[in-house]
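Residue-level listing of the chains:
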Amino acid sequence: MQFTAQQIGILLNGNVDGNPDVTVNELAKIEEAGTGSLSFLANPKYESFLYQTNASIVIVGEDFVPSSEVNATLVRVKDPYSAFSILLEKYNTIKLNKVGIEQPSFVHPSARIGKDAYIGAFAYIGAGAIVGDNCKIYPQTYIGDNAEVGDDCTFFPGVKIYHDCKIGSRVVIHAGSVIGSDGFGFAPQADGSYNKISQIGNVIIEDDVEIGANSSIDRATMGSTIIRQGVKLDNLIQIAHNAEIGKNTVIAAQTGVSGSSKIGEQCIIGGQVGIVGHISVAKGSQIQAQSGVNRSIEEEGKKWAGTPFSSYTNQMRAQVIFNRLPDLERKLEQLEKALKDKL
Amino acid sequence: MQFTAQQIGILLNGNVDGNPDVTVNELAKIEEAGTGSLSFLANPKYESFLYQTNASIVIVGEDFVPSSEVNATLVRVKDPYSAFSILLEKYNTIKLNKVGIEQPSFVHPSARIGKDAYIGAFAYIGAGAIVGDNCKIYPQTYIGDNAEVGDDCTFFPGVKIYHDCKIGSRVVIHAGSVIGSDGFGFAPQADGSYNKISQIGNVIIEDDVEIGANSSIDRATMGSTIIRQGVKLDNLIQIAHNAEIGKNTVIAAQTGVSGSSKIGEQCIIGGQVGIVGHISVAKGSQIQAQSGVNRSIEEEGKKWAGTPFSSYTNQMRAQVIFNRLPDLERKLEQLEKALKDKL
Amino acid sequence: MQFTAQQIGILLNGNVDGNPDVTVNELAKIEEAGTGSLSFLANPKYESFLYQTNASIVIVGEDFVPSSEVNATLVRVKDPYSAFSILLEKYNTIKLNKVGIEQPSFVHPSARIGKDAYIGAFAYIGAGAIVGDNCKIYPQTYIGDNAEVGDDCTFFPGVKIYHDCKIGSRVVIHAGSVIGSDGFGFAPQADGSYNKISQIGNVIIEDDVEIGANSSIDRATMGSTIIRQGVKLDNLIQIAHNAEIGKNTVIAAQTGVSGSSKIGEQCIIGGQVGIVGHISVAKGSQIQAQSGVNRSIEEEGKKWAGTPFSSYTNQMRAQVIFNRLPDLERKLEQLEKALKDKL
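Chains as they are written, first to last, in numbering that gives the first Met the number 0: chain A, 0 to 342; chain B, 0 to 342; chain C, 0 to 342.
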């Protein structure tokens, strides 16, 4: 893919300032850009890089006035960061634009595949499964019997969707993630062994969800584990059976949500957080990395931290004093002694 | 799968009370059940749902007397919850009853596959490997050279069993789990680099073990990493080389057990727990989620919590005071001042 | 594989003491060894096992004098542990010496495969990808378009390398690990939803790196996430976009490194550690398991622990007092009372 400054200007509705015929074939940060790269300058604190960069084209604000000589061709636009984001997205859309069915792949005769889909080699589409239009199902992916996938989804290599799960449209799932494995439910027996409780529910993932690599979302015992619209999950996350993650909630890597817990909308949850089962977390809650949430959060929109968690400000204070505990104990002993001596 | 109330009654050895010809094709919770669903009522506190439910059949206790009108056909049995569990299991057994060898799959000429096995497409069975009777090996699963798998096992899609590992009977492993990867052993060198210590042992998994999705169990350096009979492991768990997990021990998601540690029988270990290497944990220990176990636990049957861990009751008390540390420090300062002023 | 004591003696440049024709076909610890096993005695505290072992051959120090009768044939060498390590490595090299291209596999016509490579069944090598000489690419592995892999690499079953990633030579990656999944980058929108920031960078893994099972390393937004030479990563580790892990650094299982953080050379990082984004960790830092690193570490070569972390010795002291907090509070209350009473 190679573009001239002129083509970039037309694409971004911007003005070209410099050689309109210079070409670029990659996108790069201004401090790392080489010849043939296109970069951007949005934050004035990076301006000095503009006078040193080898980038062939730099996107700048429409009113930007350089204070020194610039070698790159400038493309002037209203919002350089947004303009650059558009280019990033176009770049990836072109780059990852796979279509067609590679062989060998396994599509059960009773499965239905939408138009313009990509089915990679060694992908498996089970009996009665439905895959919507424009989906990209990368190699070695598994879509179990009667699973349903909407339109415009991308499942990277090795994603596993168990039978009966339902995935919305524009859902992206990264390599190795597992959707619909059995919930962890066992009934203790008199002899110390455990009997498995069959897990016959499913997982429902609504539209516009993105899930990172090697995460696992268990199916419900009965009913559904539900990931609501717009949720973003990072890598290596555990969502247990019958949990529900609210609309537009974002969860960072290695966090675990236990069985039947309900996380509200618009929450922001850090990495390595643990959330116990059968609780609810209020809308807009922000939970710091490595926290342990062991009871329901009722108040909306608050910040929390610690194990067991409390308000963010309280934790910050307590943690500071924790580090001074040896001092505190020493003072207490001195006081005891002083009191004994003097009284 | 469609059943009449009469068929359900015969299956569960129960009495049909209402229309015996009404049919059901799914199982559901009583509060969520629609027409065509079979549900159950075991706990009296859910009785009101019985008078509102759209379920076509509800299993109830043999002596249950409704206090209001019921639309559903009732099936009366001794223990409604157990009866329903039996149906859940039968449902899943029928649903997941796959048999036969899908193509393309790879079975080495020297491998042996038992009777009535299911080998999914893109599964790989290596040289000298043995797979027992009635096993279900889902698509994209890997069973390495000379690995042995007993009877009645289910490996969901993408399970990876390395060479020489030995798996018992009735073992269930969920998608993406890895059995037999190299232990993490490296010898530091004078120049700061590390030399790999070859890991030539294996993993032994005994009968009736269940392992969740995306967990990893490393092979021993020499000898075996051992998962004893009846152990249940959740998702994203790490078991390091030469560890041993005792009979009927249950471990929740995202917990890690370090190298050469031995966990006793009948332990219950929460999620995100870390257990250091070369220690032992006594039989029947219960360890709270997110704990850090940094030394052996000698006493059997106790509850533990915290990082580093101590007795559960001690931790609970200390954690409460931790949250009051700012108060505690203020009091101490006031005391200091008071003492100075007054003496 | 079967070897005589004489062959072992020649291989290790050692002297055979006993029957030179006895044969061995496996390696074992001296306390577990049976007939046909080769073992070693390096640590004098295990000497008593030598007089009980069923091992057929035991490697001992060149000057070792037994104090009792020995049944095994001895092979005397300068350094028994090193000699045994060499045998371990040879054993594995012979055992895992796969070569050739199994079918069905998918190698794009524009991909280049080096000489003497092993490509397992159901492996996928994308358009423009390069795989070096002597690589072992196990079944169900994915190497995306234009990815580059050096010589002598081993990727175990189900490894996923996304497009454009660059892997050095002698790199080992265990089953299920994902290299190059999208960084977790989303721009919040006015309506509460998030827009994906396209991730067009890649992952660079230098020579001699080993990565465990089911780990994930995200590609950079732009530029590269970099794993430097000689790094060893355990299982279930998360490395976020644009992070950099310094030369010869070792990280234990289930640890997470957040976006854009730079870990120095020769660090030793325990399991389940969390490291926040946009910080740097100095060369030679040692970080205890389950720590939370929430700011940069500037001093080189120090030990750290705790969440939030502080110096190892300070944490150890504070943690001891934490467990005594109920006592401390009681004392404080007594002091308060005493002061009130007496003054």
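A portion of the hints provided could be inaccurate.
The list makes no distinction among identical chains, and a pair is therefore deemed to hold if it is satisfied within one copy or across any two copies.
[What the hints assert, rightly or not] Here are the simulated DSBU-like pairs of lysine-lysine, each with C-alpha atoms no more than 30 angstroms apart in a straight line: (1) Lys28 to Lys135; (2) Lys195 to Lys44; (3) Lys195 to Lys165; (4) Lys97 to Lys195; (5) Lys97 to Lys28; (6) Lys261 to Lys195; (7) Lys94 to Lys135; (8) Lys165 to Lys302; (9) Lys341 to Lys165; (10) Lys89 to Lys195; (11) Lys44 to Lys261; (12) Lys330 to Lys165; (13) Lys336 to Lys89; (14) Lys195 to Lys282.
Worth flagging that the hints you see were computed from the coordinates, not collected in a lab.
Predicted, not measured: the structure shown is a model, and the values here were computed from it.
Which numbered conditions among the earlier hints are violated in the structure presented, ordered from lowest to highest?
Violated: hints 8, 9, 12 and 13.
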